[in-house]
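Enquirer: Okay, here's what each chain looks like letter by letter:
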Amino acid sequence: MTHEVIMAGHGGQGVLYMGTLLARAGMLEGKEVSWLPSYGAEQRGGTANCAVVIGDEAVVSPVVYEATGAVVMNGPSLEKFAPHVRPGGVLVVNTSLAPERVERGDLRVVALPANRLAEETGDGRSANMVALGAFAAATGIVRMDNLLEALRQATPARRRHLLAGNERALRRGEEWMGKD
Amino acid sequence: MAERILLKGNEALGEAAILAGCRFFAGYPITPQNEIPAYMARRMPRVGGVFIQAESELAAINMVYGAAGAGARAMTSSSSPGISLKQEGISYLAGAELPSVVVNIVRGGPGLGGIQPAQSDYFQATRGGGHGDYRTPVFAPNSVQEMVDLTMEAFEVADAYRNPVLVLGDGILGQMMEPVALPPAREAPLPPKPWATTGAKGPGRRIINSLYLDPVVLEQRNLWLAEKYARMRGLARAETVGMEDAEICLVAYGATSRIVKGAMQMARREGIRAGLIRPVTLWPYPTVSIREAAGRVEAFLVVELSLGQMVEDVRLAVDGKAPVHFYGRTGGMVPSPREVLEKLREVAAGMGKRRVVAAGAGA
Amino acid sequence: MRQIFAGTDGLTQSTTIYCPGCTHGITHRLVGEVLEELGVTGRTVGVASVGCSVLAYEYFNCDMQEAAHGRAPAVATGIRRVLPEAVVFTYQGDGDLASIGMGETIHAAARGERITVIFINNANYGMTGGQLAPTTLLGQVTTTTPGGRSAATAGYPIRVCELLATLDGPAYVARTSTHNVAELHRTKKAIRAAFQAQLEGAGFSMVEILSTCPTNWGMDPVRAMEFVAKEMTATYPLGEFVNWRRGN
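Residue numbers (the working numbering), protein chains in the order written: chain R, 6 to 185; chain E, -19 to 343; chain Z, 103 to 350.
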């Protein structure tokens, strides 16, 4: 199966980074992957989204129009991208910043208070990691050990001090799904 | 096979240039190619190379002229509006026969346009946006791996023919990340460049020049260049997918070719026998591949991120043997595979009608 | 027999195409002599520009590159960075250097690019038939200022030396003239200092040389010399503006 994933939020939420970790983890599983960011003129704030494709075959189009799954980190992203998820697809909604109610009834919606959970693990900024952990668990797209390894690989020496917190946040997202 | 690493298209292209022996880069900031100069600024000093952020695109391309004339493998990169500014320099590079690589990560135009992916610089790249009778080979990668492979090849072609070579990417290819296997660095010594100005006097001194005031001499000069361009025709290359039994031939290049391939697969699932010809070189154009297909398929559908530029080359190659349809989005809009599929269905439906008419006429 | 004149190793044997009374030829000779005297003719790369001196690549006895109009400092930068041991110079006119190529000039200077610029200021575009240049004097008649340069419509002359002297990159900037033998000696001295600055790695160097254009000025050579001496030096004072040895 080919996973076509959209991740969206506002600038600064680490949405693009979340996507690169997912792609990297996919690569660690021996899959073919691509990651494509939206890019705008603004350097801070604004909207941010990326498309990640993970599959067994060479990636055909890195552009995703009909996603098999999506993570939306705020209200505007929910509005914009919920219509782009295929029926039956997984939609992780960060209910800390987006309404819990989703108009569509044909999706597997995961209502995840990512910011609150991140704060509980010690750092509110790792809401993206919580969401990624939950998305991976909900879809089975990549294994947690590969996500953790991707995180370790992608964390430069100067950010080592953030590693443990991000690991906790990834696992917290996974745990939330276990409870669900 | 080398280990695969996850790289952004623009950065992969920068590393490819270094692996190919490029040791001089001059550029100027413009989106969506900013990762290339940033990468070169980090990498060049570590390999004993030169990075300069020039004061303008004009200065950058002319720094490349000086560096290439002094014998270095040299590159500049930019995006559409900046490439327009470099056209003067490209013409001079062609006129003075200086090997060099110019990268265009294309964005929407005309004018300042936008910063999203486009393919509306096809005419400029393949016809020569600068003045004079000259040609530049144009490579059009469609993956991050090809950003690497074709950039490395571009340096070899540039040296082999003493000519500037263009690499035409787009915002998607520049910004996306994919796993890449980096080839080993070029270890063989660079081709000798006895014409390079490295400091000499007397009868052996060298002159890098494109000025020929005597029309007799200038015509000779152009004829000599034309012979070289004729030799370059052998560089023409295309990838074909599913053309064995195709009734409709899709033609697309660069990132668009991947979206089109997605549409092709969808079409085949509903019984429309579509195939794809993907030009890897835009000049020289793989005319032979298209012409050969023209005798076998019912119709062509050309898809571009423009309002129709490459389609002219397809029409020239098809030469009336089959209808050539076009679908394009522009200004930074990228079509979905479903949009292309819709167009394919229309073309297929039209073919069905024609077949009925033809059968009727034959009866 | 006593030899009193000989060619210089810095120039080829080619005959120049310059008009009678034009000082390009003299300046070529001075540059050639300096290259020879500094012993660098075997490791020099020159950059010719667009203008009357477009054929300079025929005259200097060294490797040469012909640059696009205004781009000589950029081309020279490319050469300089690739060949750290070479001596690199450009030879440019006022339209090339101070109009279409002003950006390249200022930025090469600001970078402290280790190149030497020989800048011929003859107050008009010579090769194209005598149009307004950025250095044309107020009131001076050219084909595109038929009533004389008016500040109201054509602005004011640009003093390049003074402009570059505000930057930190230049090591040596001087303005000299060609209107008499004494000035020619000073010019040669300045050219030598400019190349010396490059050889010592001190930074960017430029000599602006006030020159004649009798053909386009519509003067005989003697009157043209007087024009340089009286009119041009009034707008363009001679002297050194930056000299790394003096610490300024």
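If you are wondering where the hints come from, they were derived from the structure by calculation, not from laboratory data.
It cannot be assumed that every hint is accurate.
Unchecked claim - Listed next, the in silico DSS-like pairs over lysine-lysine satisfying Cα-Cα at most 27 Å (straight line):
#	chain 1	residue 1	chain 2	residue 2
1	E	208	R	85
2	Z	291	Z	332
3	E	208	E	173
4	E	323	E	301
5	Z	332	Z	290
6	E	181	Z	290
7	Z	332	E	181
Claimed, not checked - To give an idea of the chain R side of the interface with chain E (calculated C-beta under 10 Å), a few residues:
#	residue
8	64
9	65
10	68
11	70
12	145
13	149
14	150
15	159
16	160
17	161
To be verified - Now the stretches of chain E that chain R is said to cover, found in silico as 3 or more residues with beta-carbon under 8 Å:
#	stretch
18	104 to 118
19	157 to 164
Every residue gets a Cβ at the ideal spot worked out from N, C-alpha and C, and that includes glycine.
Enquirer: Can you list which hints this structure breaks, lowest number first?
Expert: 1, 7, 12, 13, 14, 16, 17 and 18
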